[in-house]
Amino acid sequence: MIYFDKVSKIYTDDSIALAEVSLHIQPKEFVSIVGHSGAGKTTLLKMILAEERPTAGSVFFESVNIQNLKKKEINNLRRRIGTVFQDFRLLPNKTIYENIAFAMEVAGRTDEEIEADVPHVLELVDLSRKAWSFPHELSGGEKQRAAIARAIINQPDIIIADEPTGNLDPINTHEIIQILKKINDLGTTVILTTHNKSVIDSLGKRVITMEQGKIIRDDKEGRYVI
Amino acid sequence: MFLVNVKRIFRAGFVNFWRNRFVSLSSVLAMTIALFVISSVIFLSAIFDFTLKEIQAKVDINAYFVTKADESDVLLVKKSLEGLPQIKTVTYTSASDALKAFKARHTDDAYINQALGELDDANPLGAVLNIKAKDPSQYESIANFLKSNYSSFIDTVTFFQNSKAIDRLTSITALANKFGFGLAIAFILIAIIVTLNTIRLVIFTSKDEISVMRLVGASDKYVKGPFVVSGMIYGLLSAAIVLIGLFPLTYWLGQTAQSFLSGLNLFDFYLTNFASIFLIVVVSGLLIGALSAYVAVRRYLKHK
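Protein sequences, first through last, are from chains P and E. If you count the first sequence from 1, position 54 lands on 54 in the numbering used here, and the numbers rise without skipping. Remember, the numbering used here sits 1000 above the position in the second sequence when you count from 1.
Note that these hints are calculated values from the structure, not bench results. One should not assume that every hint holds.
Pairs of lysine-lysine, DSS-like flavour, derived with a Cα cap of 25 Å [what the hints assert, rightly or not]: (1) K72(P) / K1221(E); (2) K1007(E) / K94(P); (3) K1207(E) / K71(P); (4) K71(P) / K1134(E); (5) K1132(E) / K70(P); (6) K1007(E) / K71(P); (7) K181(P) / K197(P); (8) K46(P) / K1221(E); (9) K72(P) / K1053(E); (10) K94(P) / K1207(E); (11) K220(P) / K197(P); (12) K70(P) / K1053(E); (13) K1302(E) / K46(P); (14) K94(P) / K1221(E); (15) K72(P) / K1132(E); (16) K1053(E) / K1132(E); (17) K70(P) / K1207(E); (18) K46(P) / K1132(E).
Incomplete in silico selection of chain P near chain E, CB under 10 Å [what the hints assert, rightly or not]: (19) L91; (20) P92; (21) E105; (22) S202; (23) K205; (24) R206.
Note that the Cβ used here is the ideal one computed from N, Cα and C, for glycine as well.
Looking at chain P on its own, in the form it has when it is part of the complex (with noise of 0.2 Å):
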């Protein structure tokens, strides 16, 4: 599904976030990319989003060279991949329910579908009572869900989660973590990183490690070994 050909993102000569990297993550996978700040982790989601460009070495989506897109369609591209942040990057302006229904309008999804779904979705959240609110009305647990539910709305093939536990307290994280498993039980591939050992090791799933811009290892049931 994605496939990464000796990658490489250099920004000055000792400043190389990624360097030759190449890895391959199948449909339906939930993989976690851990390593220390700056090892190049968000780097290379930021690669799969179109957000960067590889200076060297190409990024695919499905045998599409993710580089070689339009602007067009790199906007269709993004509305298949979900995506949750560690500082859950909501629209400060929008309610929670707005925040959602923005997400499926910029997919071209009618007025009677925005109205179905997103009832529905903030449900699976657990965040009916909060649809009318704004994110800084919201304790992080829920803002972070909401993200979450802003990032399934349009069933997305992938969701890509950049730290999404980095803020919050451990019953949250565990709540966030039992949410995106579930995701992935359905079907979605899900990228995660992660600082979080504990959450890495309940996982039992794909680990690959990265350090200095390299993956050094890659773990089919992994665990948090820095």
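Since the structure of chain P is already known, use the hints to place chain E on it.
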């Protein structure tokens, strides 16, 4: 889907405007100043035109005929003058009327009355043609036309006495026109730049929001749209403030400055020209608001 998207963009623009009302207020204030400058330029150019026309109306030349000239000769000259394209009006004063007017002006002057009495009722004054041109620069050609064609009838043409003053007025008019136009353009540009920068600052605070919109796959048009709509609302609101504010302002100025402005009443001018001023202010507001927002958002959408 196009109409649905337009509806969503307009709704988002209105909602953003309202939810960011404190930030919106700064844009409205900046744009109000810009539109006020634009409307002030309209009023200043009206004052300028009016004053200039008043001064120009006071400039004329007189052609004094010799006493021997027949009335038919004078009327012939009048007719040929009226055929010239640069002539605005030609007023004929007969020799007897000129004498009457002269006597009326000097009823209390004993020397003049005595001198006129010694002439045994003979009229020492000739007929006069008072000539007004459409433009002060045309007086020289009119004077030359009279001198070259009718020198046998005409005693004096006052242009040759007043030519320096008329030339000066002509050059001042031309200079003032150029300078006024340049000044108006400069004022309007400054006002637009200030507004553009204020809106850019407002949109800078939405930089992260724009990046999130792009991340969920929003097209450029869908990101820009609501900002452009908000910009148009800034423009419309500012235009309304300026148009309403001009009523009391021009009313007050109309009363206090009418004599200073050679009789031009700014309130009357505003009422008479309300439709065109309304159109200029509203269209400028809409354009400045929409364009500023468009340019400011585009900056954050340049990269993929």
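Results for each hint:
Only pairs whose Cα atoms come within 25 Å are accepted, and K72(P) paired with K1221(E) is accepted, the gap being roughly 11 Å. Under the criterion of a C-alpha separation no larger than 25 Å, the hint pairing K1007(E) with K94(P) is consistent with the structure, at around 17 Å. The straight-line distance between the Cα atoms of K1207(E) and K71(P) is roughly 19 Å, inside the 25 Å bound, and the hint therefore holds. Restraint check for K71(P) and K1134(E): not satisfied, since their Cα atoms lie roughly 61 Å apart, outside the 25 Å limit.
Taking the CA atoms of K1132(E) and K70(P), the gap is near 70 Å; set against the 25 Å cutoff, the hint is violated. A hinted pair counts as satisfied when its Cα atoms are at most 25 Å apart, and K1007(E) with K71(P) qualifies at roughly 24 Å. A threshold of 25 Å between alpha carbons decides the hint, and for K181(P) with K197(P) the separation of about 16 Å falls inside it, so the pair holds. Between K46(P) and K1221(E) the CA atoms are separated by roughly 23 Å; this keeps the pair inside 25 Å, and the hint holds.
Distance restraint check for K72(P) and K1053(E): the Cα-Cα separation of roughly 59 Å exceeds the 25 Å cut-off, and the hinted pair is therefore not satisfied. With a C-alpha separation of about 15 Å, the suggested pairing of K94(P) with K1207(E) holds against the 25 Å cut-off. With a C-alpha separation of about 16 Å, the suggested pair K220(P) and K197(P) falls inside the 25 Å cut-off, and the hint holds. Restraint check: the Cα-Cα separation between K70(P) and K1053(E) comes to about 61 Å, which exceeds 25 Å; the hinted pair is violated.
Note on K1302(E) and K46(P): the hinted pairing holds, with a Cα-Cα distance of about 17 Å set against a maximum of 25 Å. With a CA separation close to 19 Å, the supplied pair K94(P) and K1221(E) stays within the 25 Å bound. For the hint linking K72(P) to K1132(E), the alpha-carbon distance of about 68 Å lies beyond 25 Å, and the restraint is violated. As the CA atoms of K1053(E) and K1132(E) are separated by approximately 12 Å, the hinted pair is consistent with the 25 Å bound.
A distance of roughly 22 Å separates the Cα atoms of K70(P) and K1207(E); the hinted pair therefore holds under the 25 Å criterion. Between K46(P) and K1132(E), the direct Cα distance comes to roughly 78 Å. Violation of the 25 Å bound is thereby established for this hinted pair. About 6 Å separates the beta-carbon of L91(P) from the nearest beta-carbon of chain E, less than 10 Å, and the hint is met. Taking 10 Å as the C-beta contact cut-off toward chain E, the hint placing P92(P) at the interface holds, the least distance being around 7 Å.
A cut of 10 Å between beta carbons decides the hint on E105(P): the least distance to chain E is about 6 Å, and the hint holds. Interface restraint check for S202(P): the shortest CB-CB distance to chain E comes to about 28 Å, outside 10 Å, so the restraint is violated. Because the closest C-beta pair between K205(P) and chain E is about 25 Å apart, greater than 10 Å, the hint is violated. The criterion of a C-beta within 10 Å of any C-beta in chain E is not met by R206(P), whose closest approach is roughly 25 Å, and the hint is violated.
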